[in-house]
Amino acid sequence: MKRLKTLLITWEALLVVLLVVSIVIGSMLSPYFLSGFNFYALTSNIMEIAIMALPMTLIIIAGEIDLSVASILGLASVVLGLLWQSGHPMWFAIAAALLVGLAAGYLNGLLVTKLALPSLVITIGSLALYRGLAYVVLGDQAVSNFPTSFTNLGFGTIGGTEIPWSGLIFAILAIIFVVVLHFSRSGRQLYAIGNNKEAARFSGINVNRMKLLLFILSGGIAALAGVIFTARFSSARPDNALGFELEVVTVVLLGGVDIFGGRGSLLGVVLAIFILAILQNVLGLLNISGDIQSLGIGLLLILSVLGPNIARRIQVVITRRRLVAGSSKQV
Amino acid sequence: MKKLFQALGPCFLVCVLLLLAACGGGGTTSNGGSTPTATSSSGGNLNVVFLPKQINNPYFDTAASGGQEAAKALSGQFKQVGPSSANAAAQVPFITTLTEQHVGAIVISGDDPNAVAPSLKQAMQQGVKVVSYDADVAPDARNVFVNQANSEQIGRSEVDLLAQQINSTGQIAILSAASTAANQNTWIGFMKDELAAKYPNMQLVKIAYGNDDDQTSFNDTLALLQQYPNLKGIISPTTVGIAAAARAIESVHKGGQVALTGLGTPNQLRQYVKDGTIKGFELWNPANLGYLAYYVAALLVEGKIKGNAGETFTAGKLGSYTIGANNVVLLGPPTVFNASNIDQFNF
Amino acid sequence: MTTTGQEVEPAKQRNQVRQARLPGIVSRVRELGLLAVLLLIILIVGIQAPRFLSLDNFTQILLSVAIIAIVAVGETLVILARNVDLSVGSMVGVTAFVTAYFFKELPHINLLLGILLGCALGLLLGIINGLIVSYGRVPSIVATLGTLYVFRGLVFVIASHTTSQVNASDVPADYLALATTQILGIPALILIAAVIAIIVGYFLHASKSGRQLYAVGSNPAAADMIGIRRDWLVFWAFAASGLLCGLAGVLWGARFATVDATNATGLELQVIAAVVVGGVNIFGGSGTIFGAVLGAIVLGTLQNALNILNISQFWLQAIYGAAIIGAVVLDAFITRWLRRTILSRRKNT
Numbered sequence: 001m002k003r004l005k006t007l008l009i010t011w012e013a014l015l016v017v018l019l020v021v022s023i024v025i026g027s028m029l030s031p032y033f034l035s036g037f038n039f040y041a042l043t044s045n046i047m048e049i050a051i052m053a054l055p056m057t058l059i060i061i062a063g064e065i066d067l068s069v070a071s072i073l074g075l076a077s078v079v080l081g082l083l084w085q086s087g088h089p090m091w092f093a094i095a096a097a098l099l100v101g102l103a104a105g106y107l108n109g110l111l112v113t114k115l116a117l118p119s120l121v122i123t124i125g126s127l128a129l130y131r132g133l134a135y136v137v138l139g140d141q142a143v144s145n146f147p148t149s150f151t152n153l154g155f156g157t158i159g160g161t162e163i164p165w166s167g168l169i170f171a172i173l174a175i176i177f178v179v180v181l182h183f184s185r186s187g188r189q190l191y192a193i194g195n196n197k198e199a200a201r202f203s204g205i206n207v208n209r210m211k212l213l214l215f216i217l218s219g220g221i222a223a224l225a226g227v228i229f230t231a232r233f234s235s236a237r238p239d240n241a242l243g244f245e246l247e248v249v250t251v252v253l254l255g256g257v258d259i260f261g262g263r264g265s266l267l268g269v270v271l272a273i274f275i276l277a278i279l280q281n282v283l284g285l286l287n288i289s290g291d292i293q294s295l296g297i298g299l300l301l302i303l304s305v306l307g308p309n310i311a312r313r314i315q316v317v318i319t320r321r322r323l324v325a326g327s328s329k330q331v
Numbered sequence: 001m002k003k004l005f006q007a008l009g010p011c012f013l014v015c016v017l018l019l020l021a022a023c024g025g026g027g028t029t030s031n032g033g034s035t036p037t038a039t040s041s042s043g044g045n046l047n048v049v050f051l052p053k054q055i056n057n058p059y060f061d062t063a064a065s066g067g068q069e070a071a072k073a074l075s076g077q078f079k080q081v082g083p084s085s086a087n088a089a090a091q092v093p094f095i096t097t098l099t100e101q102h103v104g105a106i107v108i109s110g111d112d113p114n115a116v117a118p119s120l121k122q123a124m125q126q127g128v129k130v131v132s133y134d135a136d137v138a139p140d141a142r143n144v145f146v147n148q149a150n151s152e153q154i155g156r157s158e159v160d161l162l163a164q165q166i167n168s169t170g171q172i173a174i175l176s177a178a179s180t181a182a183n184q185n186t187w188i189g190f191m192k193d194e195l196a197a198k199y200p201n202m203q204l205v206k207i208a209y210g211n212d213d214d215q216t217s218f219n220d221t222l223a224l225l226q227q228y229p230n231l232k233g234i235i236s237p238t239t240v241g242i243a244a245a246a247r248a249i250e251s252v253h254k255g256g257q258v259a260l261t262g263l264g265t266p267n268q269l270r271q272y273v274k275d276g277t278i279k280g281f282e283l284w285n286p287a288n289l290g291y292l293a294y295y296v297a298a299l300l301v302e303g304k305i306k307g308n309a310g311e312t313f314t315a316g317k318l319g320s321y322t323i324g325a326n327n328v329v330l331l332g333p334p335t336v337f338n339a340s341n342i343d344q345f346n347f
Numbered sequence: 001m002t003t004t005g006q007e008v009e010p011a012k013q014r015n016q017v018r019q020a021r022l023p024g025i026v027s028r029v030r031e032l033g034l035l036a037v038l039l040l041i042i043l044i045v046g047i048q049a050p051r052f053l054s055l056d057n058f059t060q061i062l063l064s065v066a067i068i069a070i071v072a073v074g075e076t077l078v079i080l081a082r083n084v085d086l087s088v089g090s091m092v093g094v095t096a097f098v099t100a101y102f103f104k105e106l107p108h109i110n111l112l113l114g115i116l117l118g119c120a121l122g123l124l125l126g127i128i129n130g131l132i133v134s135y136g137r138v139p140s141i142v143a144t145l146g147t148l149y150v151f152r153g154l155v156f157v158i159a160s161h162t163t164s165q166v167n168a169s170d171v172p173a174d175y176l177a178l179a180t181t182q183i184l185g186i187p188a189l190i191l192i193a194a195v196i197a198i199i200v201g202y203f204l205h206a207s208k209s210g211r212q213l214y215a216v217g218s219n220p221a222a223a224d225m226i227g228i229r230r231d232w233l234v235f236w237a238f239a240a241s242g243l244l245c246g247l248a249g250v251l252w253g254a255r256f257a258t259v260d261a262t263n264a265t266g267l268e269l270q271v272i273a274a275v276v277v278g279g280v281n282i283f284g285g286s287g288t289i290f291g292a293v294l295g296a297i298v299l300g301t302l303q304n305a306l307n308i309l310n311i312s313q314f315w316l317q318a319i320y321g322a323a324i325i326g327a328v329v330l331d332a333f334i335t336r337w338l339r340r341t342i343l344s345r346r347k348n349t
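Chains as they are written, first to last, in this note's numbering: chain A, 1 to 331; chain B, 1 to 347; chain C, 1 to 349.
Among the clues, some could well be false.
Distance condition first, Cα-Cα at most 25 Å in a straight line; then the derived SDA-like pairs of lysine to any residue [said to hold, decoys possible]:
hint: 1; chain 1: B; residue 1: Lys254; chain 2: C; residue 2: Leu178
hint: 2; chain 1: B; residue 1: Lys254; chain 2: C; residue 2: Gln60
hint: 3; chain 1: B; residue 1: Lys79; chain 2: A; residue 2: Ser30
hint: 4; chain 1: B; residue 1: Lys121; chain 2: A; residue 2: Thr148
Rough simulated footprint, nothing fancy, chain A against chain B, three-plus residues with beta-carbon under 8 Å [as the list claims (entries may be wrong)]:
hint: 5; region: 85 to 93
hint: 6; region: 101 to 112
Simulated from the structure, these hints should not be mistaken for laboratory data. Since we're looking at a predicted model, the values are computed, not measured. No residue lacks a Cβ here, since even glycine has one placed at the ideal position from N, Cα and C.
Start from the sequences and build out the full structure, keeping to the hints where you can.
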């Protein structure tokens, strides 16, 4: 157990190294890399995924998964667009979108906790259901005539800097999540649930309520990401963020969170978010298209789990050899 | 200790990055140039990049070949990038990357006129010229729009072509591309107008959106045939759509029973014209469109035109053009292809 | 003393046998229920629109479902072993593109050779999945999520170096004919799907490896303990899934004819929906090929019904999602109900 813990700390250190290396390589490969505008571009591009990765981390640590986040994003976006188009004030449309996200998350949580159904297949189903509902709401149409005051939320920057507004939102949320996960009792309880659900229940933790809250939170945050996405592209479409759930899961796993739950930290996830952002940015500057970039992302995902597995195997082999050598010496 | 590290780590990281950004913000002016004249005066930056609605689309590939020809004639650079599916949100990252790379001009066919506007305006602010071709974007987000043919002419002639084939009677449907594409919607508007004005016995029962995706268009056509068993004709003003529709009609052995026309490339549709599934269709020469678009972009980059209505210029082998109202340049009239002339073309 | 002992033993044995038969009973109930649902749909829609009941229409439904059914057979094998293969869409996409391109570049090549190439490519991709999951010990959801990306990226790389699109006019007519020929009046595509389903279904039911696959899915630890070669079986399940995706890709290229790098994106959702609706338990160990194929047919019929009744196609994806959730909820209830009734029967014995 201790050896695995050591491995985890090493994983985060590895991520830091990776981050530094990617920045260095990026600046070498392209003269446009180290500019404020570029920083703005690569950050604003990943903010929706980053924001959704925060509750996803907690959910995976608790031993579940939520694959419907991108669909909730799309649904919220469509609701926002529809209400805006039919003349409602922007604040109302945004509030409604957030509400829809919370409701969607609640449904997920209900199915997983009250009916004790596996979250993997339930959220695959709700992935299709919510995306489908988005298509039903808006069909083939798209709403794209948003006011500049709104699009600045996703597209604009703060004051005279190159920090996107969405980056500020992410920073605030990240701090809150870090405090909850690493500094509060609830956070510790989440780890307990992920490690051994039954033992956690016997020690008095209300497992079902925590998981329900997590799914509701995930839904609400996905809706928030939907508002930002809609603002950034000035476009509410049913197919917004199609396929993003895979990137969110990739970023969380790359950050060292164990897919089976019970292990992982937000530091790793934040590092992974920026590594992925830089990777996508550099590849884009090198004119490698997004579809080919996804090859790299897939490899990263597989290696993020395969790597530690192989490392562990090697460690076992080495230990075994050491033991054998040790015992043979005694004889 | 470890927990402190784990917790403070992200906060520290975020602070560092914010600091970087704050410093970087000051550094942009030296890098990007805020005044348009700064970049265009460099003259040598004749780096024009085409950004079509989607790549792997033969129509846009043909346009690109025209652009390449123009590039050679002007000793400039040419490149084409784009998303794999016709989606405005997917076009935006390309626009941002091209802006960062400080290309001379972006030539774009917009999947959605408004969704790409913010990033295009940003590109223009950074000194990049923006020319739209094929499908326009918001007028304040581009310098010039190179239109392939008079939109009204396209819309009305499509309906006329189909009416000839079905004796001006019966139910018809339209298989379009993306619901948000400006060119599609303009043409469809004129189609409806023409139907109302001249063909009272023809009913438009449905507009399907195939999103310039082959499978979607194929399935949409099958769905149309199933939903409306008395369907007499389909207009598909998209090269992807008409090719898929032709295959779909043939796969259920209705070639000849359901008339099909639209905008398509001769190479893709040759066999369907020869076997009678399609009696006639239209297009212009996409290569010429690409050629003209490149020329306009190059002239803008070199400062030889400003892109305003009334300016005239010569576009190499295509001759001289005048920029019309709303900064629009018209390529020319469309060509009708049918069994008698289809073998003369190779694109 | 001894008499009570003798009485308890057979009762306990009977109960154990009943519990062991539970998965089988659940499957039978589910499949019969699904058949009932199918007939209900046909009845309701048939009354509203008699066009629906034509032979031509049924043939269209089966045609649209055939390719998905082939992939669903492979996916069933994987899910039975308590894994999941999310990369099927990408595998079909790769093999469809490569096969179509192969036929475009070498139009005089033997048709069979081309088909075998596609299948071999699929097998190779499936083997990669199997290696990562079985021997790399990467959970199948992560592994196949990754290969979904990797294989799709691979098609784009290939497409960028060869051709962006293969058209119907580029490939030999006898390749395209695969999708349209009919044998004894039944389209070849449907026959191929049926034959594959029957062969694999029989293999699962009658062979030792088939039964072992079920064991691995229902209790992996126990299967390990009694000596079943779990890794090897899971590996071959993924390999088989890949092989069937390869065949599906070949047929895809023939049916849709215009092939580019975005083919079959999102197919995995339809396949998993079909399999789950068909009664295959996502936790493994229970379900049949027949059920999966039936699930595919039910969803295909639903899609056709939407069309005929002029209901917007946009409802389709929402229906897939609701069907998956509904099927899982239903499965849970049925299993719980059956378990309760069997246990209560034990109390009465």
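Each hint tested on the structure:
| no. | hint | in the structure |
| --- | --- | --- |
| 1 | Lys254(B) / Leu178(C) | holds (19 Å) |
| 2 | Lys254(B) / Gln60(C) | holds (14 Å) |
| 3 | Lys79(B) / Ser30(A) | holds (18 Å) |
| 4 | Lys121(B) / Thr148(A) | holds (12 Å) |
| 5 | 85 to 93 | holds (count 6) |
| 6 | 101 to 112 | holds (count 3) |
When the structure is compared with the earlier hints, no violation turns up for any of them.
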